[in-house]
Amino acid sequence: MTDLAAEDMVIRDTSDVADFARGCFHGSAGDQVGVELEFLVFDRTSPDCHVPLAKVAEALPPLPGGSRVTFEPGGQLELSGPAGPLPEAVARLAADVDAARAALREAGLVLAGVGLDPVRPARRQLRLPRYEAMAEFLGTPYGALMMCSTASIQVNLDLGDRPAVRWERAHLLGPVLMAAFANSPLSGGRPCGWMSGRQAVWENLDRTRTAPVPATGDPAAAWAEYLLDARLMLVRENGDRYRTVRDGSTFRDWLTAPARPLTLADLAYHATTTFPPVRPRGWLEIRYLDAQRPADWPVCVAVTHALVMDDRAAETAIAAAEPYAGMWPGAARHGLAEPRLRKAAETCFRAALAALPRLGVSAGLIREVAAFADRHVTSGRSPAADLLELAKGPPRRLSAWLTEEGRG
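Everything in the sequence shown is counted per our numbering, starting at 1 for the first residue and increasing by one.
Since the hints were made in silico from the structure, they are not lab data. For each residue, glycine too, the CB sits at the ideal point set by N, CA and C. Some hints could be false.
Computed beta-carbon distance windows for the label pairs [said to hold, decoys possible]: (1) Gly108 to Gly30: 39 to 47 Å; (2) Arg207 to Pro323: 18 to 26 Å; (3) Glu322 to His26: 36 to 44 Å; (4) Ala257 to Asp374: 54 to 62 Å; (5) Arg281 to Gly360: 23 to 31 Å; (6) Pro121 to Pro61: 28 to 36 Å; (7) Arg260 to Thr45: 51 to 59 Å; (8) Val10 to Leu128: 47 to 55 Å.
Let the hints inform the model, and build the full structure from the sequences given.
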């Protein structure tokens with residue numbers, strides 16, 4: 001989006017913010033997908049204990065698919081697969097997940113595909129200056145939970161030659177897809193009252209940076225206004241030092257009366273501290289999906305890709321999902337137990353299943369999507385419902401599920 005020579009350019013007024021926002025919608029015109037998977041890591045013998053990040057890092061082997069390995073502040077493992085056509089991207093990342101699981105199993109560790117830590121309290125392991133400032137800004141309990149206890153699937157999609165169309169689709173489908181893949185109903189070993197407790201955490205954070213960006217009209221203009229009206233979280237000072245901004249001022253406020261001149265680098269960094277459900281970065285980041293069992297994440301990626309990227313599938317899916325496009329909190333709280341979302345999800349999955357052969361997806365993955373639809377969508381049981389059943393029994397049932405890698 002920007003080059004190094006331009007980063008020191010001073011932001012003069014809102015027109016410069018508008019130019020930056022337009023640049024966020026200029027990217028590849030192709031149909032590639034990149035996937036970022038987050039996993040909570042558990043010790044097979046002590047699922048109530050936090051696993052030191054260093055132990056996970058030491059156990060990981062070279063990954064055959066080329067995924068980048070990073071860690072979230074609480075020690076969540078993140079695998080970011082190379083972008084490519086859907087079948088290739090899924091295959092390469094699947095190889096890396098398999099390699100990571102096997103190596104971690106040898107070290108007595110397991111990857112759990114769940115969106116919110118169901119048993120352990122939030123505990124931060126990374127103490128980088130950015131995270132120190134972020135933790136101070138976001139506060140407790142929800143800031144700590146977001147940083148240390150959540151895990152998601154992020155699906156990154158090319159903008160194509162009609163960025164506004166894909167942008168709108170990704171938003172209109174959001175509540176239905178969130179409900180279909182809701183998978184975080186527990187916290188502290190008990191139901192938290194939401195099928196997607198991870199999304200409930202986001203709902204309770206600073207809404208100037210976590211609410212959806214308006215999806216209709218000019219997306220670049222909407223994104224520019226969002227950036228201007230989002231509160232400043234932190235500013236960089238003297239290299240790697242960060243200062244938390246605690247007075248509630250927005251980027252627009254600082255632009256009007258800056259404590260120091262704001263640069264393009266400041267604006268670009270500010271954008272990385274906003275967390276709407278869909279974020280433009282030269283591609284689309286779809287951020288509203290809970291982590292899934294290691295066996296089910298390809299289903300989530302394939303369905304999301306098909307419904308946004310395939311025009312025929314999108315037409316059918318949007319007709320079903322658009323009436324419920326504003327039901328973000330309801331989708332997170334009820335999942336597919338909400339009858340209207342279940343009915344829309346059934347239509348969406350049928351459309352995705354029809355599109356997947358056109359997208360070159362393997363017969364095996366198509367069968368997995370169909371099986372997920374039968375188990376969860378037709379029955380109106382988001383994946384979270386399975387975890388709620390476990391929570392009704394003795395604590396050892398949930399512990400067994402965690403240490404058996406989420407049964408997948």
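So, going through the hints one by one against the coordinates:
For Gly108 and Gly30, the Cβ-Cβ distance of about 42 Å falls inside the hinted range of 39 to 47 Å, so the restraint holds. Roughly 23 Å separates the CB atoms of Arg207 and Pro323, a value that falls within the hinted 18 to 26 Å. Range check, Glu322 to His26: Cβ separation about 27 Å, and the 36 to 44 Å hint is violated. As the Cβ distance of Ala257 to Asp374 is approximately 58 Å, the hint placing it in 54 to 62 Å holds.
For Arg281 and Gly360, the hinted distance range of 23 to 31 Å is satisfied, since their beta carbons lie about 26 Å from each other. Range check, Pro121 to Pro61: about 30 Å between beta-carbon atoms, so the 28 to 36 Å window is met. As the Cβ distance of Arg260 to Thr45 is approximately 52 Å, the hint placing it in 51 to 59 Å holds. Here the CB-CB span from Val10 to Leu128 is close to 27 Å, at odds with the stated 47 to 55 Å.
The structure fails to meet hints 3, 8 from the earlier list, while all remaining hints are met.
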